[in-house]
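Enquirer: Here is how the chains run, residue by residue.
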Amino acid sequence: MHIMEGFLPSPWWQIWWILALPCLVYGLYKLKKLLDENRELLPLLGVAGGFIFVLSALKLPSVTGSCSHPTGTALSAITFGPWITCVIGFIVLLFQSLFLAHGGITTLGANVMSMAIIGPVAGYFVYKALDKINFNFFASIFIAAFICDIVTYCITSLELALAFPATSGGFLPSLAAYLGVFAVTQIPLAIIEGLVFVVIFKYIIIL
Amino acid sequence: MYYEFLEDIAQTNGLRNVNSAVKVLLGLGCILISVSSNSFIAPLFISISLSLIIILLAKINPGLYLKLLSVPLGFALTSIIVILFLRNSGEVIFSLPVLNTFILTITSGSINESVLVLSRLSGGMCSLYFLALTTPMTEMFLLAKKIHVPDVFIDLSMIIYRFIFVLIEEAGQIYSAQTMRLGYGNFKESINTFGMMAGSLFINSWNKGENLINAMETRCYDGKFAMLEETPDFSISNLLLVIIFLTAVFTISYLTSEISFLGDVLS
Amino acid sequence: MSTILELKNIKYKYPNGPEALKGINFRIDKGEKIAIVGANGAGKSTLLLMLNGMLKPDSGDILFTGEIFRYDRKNLRELRRKVGFVFQNPDTQIIAPTVYQDVAFGPVNLGYSDDKVRSSVKEALSYVGMSGFERRPPHQLSGGEKKRVAMAGILAMNPDILVFDEPTSALDPAGSEDVMELLDEMHISGKTIIISTHDVELAYPWADRVVLMQGGRVLTEGTPDDVFHNKSLVKSAKLSIPVLLELYESLIERGMESSKRLPKSVLDFVHLLERDLYEDLKIKYGKIHLIDADNIEVGNISQYITKNRISSIGAMGSKAKLMAEIEKIELDFTYGVIDKCLLKAMNKKDSLIITNGGMIKRVNERVKCFNEESKRNVEIIEFKKE
Amino acid sequence: MSTILELKNIKYKYPNGPEALKGINFRIDKGEKIAIVGANGAGKSTLLLMLNGMLKPDSGDILFTGEIFRYDRKNLRELRRKVGFVFQNPDTQIIAPTVYQDVAFGPVNLGYSDDKVRSSVKEALSYVGMSGFERRPPHQLSGGEKKRVAMAGILAMNPDILVFDEPTSALDPAGSEDVMELLDEMHISGKTIIISTHDVELAYPWADRVVLMQGGRVLTEGTPDDVFHNKSLVKSAKLSIPVLLELYESLIERGMESSKRLPKSVLDFVHLLERDLYEDLKIKYGKIHLIDADNIEVGNISQYITKNRISSIGAMGSKAKLMAEIEKIELDFTYGVIDKCLLKAMNKKDSLIITNGGMIKRVNERVKCFNEESKRNVEIIEFKKE
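Chains as they are written, first to last, in my numbering: chain B, 1 to 207; chain Z, 1 to 267; chain P, 1 to 386; chain V, 1 to 386.
What the hints contain is simulated information worked out from the structure, not anything from laboratory work. All the given hints hold, so there is nothing to weed out.
Below 27 angstroms or equal to it, Euclidean Cα-Cα: the simulated DSSO-like pairs (lysine-lysine) are: (1) V:K287 - P:K235; (2) P:K260 - P:K33; (3) V:K231 - P:K264.
If we strip away everything but chain B, and leave its shape as in the complex, we get (with noise of 0.2 angstroms):
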């Protein structure tokens, strides 16, 4: 779910964006050091990029109106770990913005926080403590999936709540509408998507 351009007033995009470039500079700098120990990665990352983008511009089946959707970039949480997601995850959602219209420029730190950033490494977390207590393996795809989606939801609706807080009782009562507006499309979404990733690595597997 992303946030059209012009939507985030100031100061709050920038805060986003603030926030985001550090975790864009840091992930950069771990790429660089990885690549120069081995330069084969790149073409490999690369590939990688492409696929979580079509990936996420693929419409999911049964879900009318969902736009891109953050699957991809939780594969490669998994695949590559958080930092370099999260530039992969920045290139990605740049493009998105300027091939689809999904999202914006000044929206793109808010964006890449929640879906390139937090909503990876919540589902990263989440399948790494569940890989440790040897959780059923499936079902810990699921659930990181699944996790990644609806945090990735949270933040947006706060995000939102926040550069718009309501008049009377400020920030609460506005994140609560926004967690309601879109969990209409928001919560089948994660279960469509945990069930999608639960197919793909049965798919991985049995090749």
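Assemble chains Z, P and V onto chain B, guided by the hints.
Expert: This is chains Z, P and V only, laid out in the frame that chain B set:
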């Protein structure tokens, strides 16, 4: 599932040969003015003038452009509801008691703010469309290089760019093949079919990545990527026009900053 | 012959792309073998995608069994079941983790019972000669094997019309021959077959009807002779003339007498030259032996061969080839079998064709037709069980 | 002729895969046109990947300019610069987001100066006829255009040896002809060319030397005549015999006199039949006019054509074709030009060949050779500036 990317339209638009730095300046300038405007007038002005530029100068099919404008509609309407009901100030215009527990109200203040946010969204999206439809990404890579974006970021972006198009075509073919064999029939099958496509695409991507390593090696890859040559047609007059336009929009934004939709001053 | 599918003045433009079809009129009769030929970008694939409703024309009508086709869910399902489509690149078509699962994809989506799914898959795989590959992952197969699995996946849905986009692309000669022979087998078993190709050497001898496309339009259609004889049209379609036809025309230009029937194969050509040049030669011809694979026990073929002093052996159809393999008989011909045996007969050598089902009749017809045209008398000896 | 690259008893097995090369001995001399032919899975691609060090043999030696090749970074770079490799599928080779950037990829990584990068790219793109496409993204190009870009990317590095894996796969006849002609142009300009293919019709008339592979081994190598004449070997390599050769052999079997030189083209064949059959015919031949594109001003060609009553026009090489396009001259032949003009000459018609550089010499040689062999006297008239 035949994907239409704005990028492909941008490759053949009417302003293709205008210097990309000038176009980016106009697009980003408008986005910034739009998002920091205190009144709905400047963003509205930006929406209208950029839409005209997109249709008349960049020669984008008007029907297609209208379709594009509807993309952010779903998001805009759902998110604006919250502002409409929760950001109350000024006189009450409409109220609706819900289950005797609380009352949903719309006030002049919340309408004013909704209109302002919607107009910013519209100005922002039109500017974004201007950027996306007139300036191909292929040209922006050069611009990024010039403003010293780190090489690793640009190189990675370029490979991602290339493979988006390779993979989307493949995804389209797989999707067609599945549809022809009556996939995506019911919900369960849909999930399964979609997952299979994504999984197969993942494996193919991995193979392509390995092939790419080979392709780069055969061409003596030494950590360098070539950049596109500069467009020759940088014109001062274009730059001046853009600066004049931005100044005008900024002036409008400044002069109208006190005006709101229903006439009340925002509290 | 009844018309199954008819396209009337179909136009189509890809979003943000060029006009791909500029008014196509096209008709498919039951039981035809149609080749749509044209250079890359001529609109062949777009036309094929119209045939099973994957693309919806911008204007014009598609008539399916006589009625204007309506693009709703139910009709589309029905159309796609009737019109099977085999993609050019099997890698985008066969993506299930195993061969069995892939072939079963269509039948499962058709809602067949488990038993019926199983039997459809089994039958389809045996048809394309891929029995025993059920548990193999498709990515381990060779290009030719993948193509066969892709075909089985469509056959398992039992369509009436089979559409093949560039059926032999990227296959080597042996693979192409296998695929073309499978197409012939399907045709004989009653399917209507449509292929698109830019390989004129392939389309020329194979098709009943050739549709020549260029720039989104049908330039001409008709028998292969009519279409390829029109050199300037073929050239404007950016295609080449089949090499034997080119040779024939060069000879005509040099004063050779023209013939009613254009030469489509080496046999035709030899026969043509002989008619012209060695008219007075009187030769005793060889014989063609014919064994019905459904009608002989394994083990008896080798015996027959030795007994009858046969010099070359050809097999048509998967069953016949399988039997030859079991008996370890080395096959000399696996494609263009009848013509090659006729050529041998003209060289006074006896040959054997092993085949079954409808193809028995076909051998008889072809030889009869050859004898009539060339006023020769090549004899067929059918094996009878004792 | 000096040997550039030599493979000695090369063996290679893919990790977790079958043994792909089982002891290959193979040598490349400067200036050769070699076709490696074999069915899919014969080991052609694996062999090609050895040639520029993409794969390292498990055993055996590779000799590069006479010395045993050492697989260190510096040597590998040198080898890859000298041996350019064009992949079968251009989508796996094209890396960058625009045509310019992709073609410049090699030169930039070789550390060329900016100016040299620019001029290499410009030259390579104009060589393959893709000037003006610099800013286009590859995904908007057609299959044939992508192939040309892939070739330009390698040409820009100015290698001595060019290796092409299935150069015409998935291309339509016009696209294949263009590519094959480009290969000929490169060869004439001094490059050594190696292709792998399963298309025997392509390899037979094109190659100087044919290497027949099967199951990871070289079955035989030699001139195309020698290799394809050995029917049983070609058959065991699961390939087919070129159709004209098949016709020729059928006629020999029927009693036609055999010839020294096997027929590779329609012209050869006509010539062969005439020698055999119309020996006593005395005909006056047509003439072949020859214009050097480097030596004529634009605008003068049309004039020349009208003046000399030329019936058919052919062009060889990008420059000649470009000039024809500028003057809006419709070309009758763009591939196999010399042979087709000879055929016209035999039919008493005058034709014109527009070409330049080394190909002028080639026309003269081919016609001279033809005249000697067939004891005819087709005349060449070279255009001279007044």
